[in-house]
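Throw the hints in and build the complete structure from the sequences for me.
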Amino acid sequence: MAIKGKLGRRGNTRNRRTCDEQPLDYKDVETLEKHLTAYGQIQGRRRTGYVAKCQRDLKLAIKRARHLGLMPFVG
Amino acid sequence: MTTIYEGMYLLDNEAVRQDWNAAKSIITSTLEKHGATVHTARRWDERRLAYPIKKRNRATFLLSYYEIPGENIPAMRREFELNDTVLRSLEMAVDAIPETETELAAAEQSADFSVPTPPDDDAIDEVEVIDDGDDMDDEDGPRRPRTRRVSRTEDDTKAADEKKPADETKAAEATDETASGDGTDDSKKEGATAPVED
Numbered sequence: 001m002a003i004k005g006k007l008g009r010r011g012n013t014r015n016r017r018t019c020d021e022q023p024l025d026y027k028d029v030e031t032l033e034k035h036l037t038a039y040g041q042i043q044g045r046r047r048t049g050y051v052a053k054c055q056r057d058l059k060l061a062i063k064r065a066r067h068l069g070l071m072p073f074v075g
Numbered sequence: 001m002t003t004i005y006e007g008m009y010l011l012d013n014e015a016v017r018q019d020w021n022a023a024k025s026i027i028t029s030t031l032e033k034h035g036a037t038v039h040t041a042r043r044w045d046e047r048r049l050a051y052p053i054k055k056r057n058r059a060t061f062l063l064s065y066y067e068i069p070g071e072n073i074p075a076m077r078r079e080f081e082l083n084d085t086v087l088r089s090l091e092m093a094v095d096a097i098p099e100t101e102t103e104l105a106a107a108e109q110s111a112d113f114s115v116p117t118p119p120d121d122d123a124i125d126e127v128e129v130i131d132d133g134d135d136m137d138d139e140d141g142p143r144r145p146r147t148r149r150v151s152r153t154e155d156d157t158k159a160a161d162e163k164k165p166a167d168e169t170k171a172a173e174a175t176d177e178t179a180s181g182d183g184t185d186d187s188k189k190e191g192a193t194a195p196v197e198d
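Chains as they are written, first to last, in the working numbering: chain U, 1 to 75; chain G, 1 to 198.
Because the hints were derived from the structure by calculation, they are not lab data.
Among these hints, one or two may not hold up.
Here are the simulated DSSO-like cross-link-like pairs (lysine-lysine), alpha carbons at most 27 Å apart as the crow flies [said to hold, decoys possible]:
1. Lys53(U) - Lys34(U)
2. Lys27(U) - Lys54(G)
3. Lys59(U) - Lys54(G)
4. Lys59(U) - Lys34(U)
5. Lys55(G) - Lys27(U)
6. Lys63(U) - Lys55(G)
7. Lys53(U) - Lys63(U)
8. Lys33(G) - Lys54(G)
9. Lys59(U) - Lys27(U)
10. Lys27(U) - Lys63(U)
11. Lys63(U) - Lys158(G)
12. Lys53(U) - Lys27(U)
13. Lys34(U) - Lys63(U)
If you want it as structure tokens, here you go:
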């Protein structure tokens, strides 16, 4: 019963969100900061809920913002 | 082949305080020197940096859109790196210039526009949203109380308690078997080696 319950809760269908409506930009620091952990690390796809392409865009945008000093590398 | 590029440049606030147009012309003249056609160049923002760059805690950001042959970019980047006024630069290819960008750049060139003097290097930006540590009055509403989901029923707990002693006895039996099994293995080994010695 416990295993069945776990599978039912996780399931195969997860609600994924895309960045088509609002593309991720390195200048939009407020949006990017939402996807950082308390230590300044980029959150994973399980946490952000983005599809793979948008997660790559997020990674690139955060790294660009870090390069320009808009966002921290650590903490 | 020319491609449209977006460039963001961090300018030293000391140069911006002296003359904004002179600081801006450092970027535009360098771009044009390397064969670029500058479409727009405007002051994007002045803000505190997340970490010190070239011993500066604050910088003015200049955003520009231009077309440039791809083979000229490495030399252009090298020149920006050597310039002390430009703290850091970022160039990236874009599909098109944003629609709002031309309007904003035109607004900067108007006579009414004046660049605000940058604050001191140690100045801290005012925090707009103050977190008071109280979630109850936030716009998102009160936080959901933490609860542990328990799926077990009473029958399950009883069955689990009954299984526990049985498991313990099984484990004890298993240890006894392994202990006796070692002894038999040794005797077998002795028996196996005896004929070889003879």
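Hints numbered earlier in the text: which of these fail when held up against the supplied structure? Checked against the structure, the only hint that fails is number 11, while the rest are satisfied.
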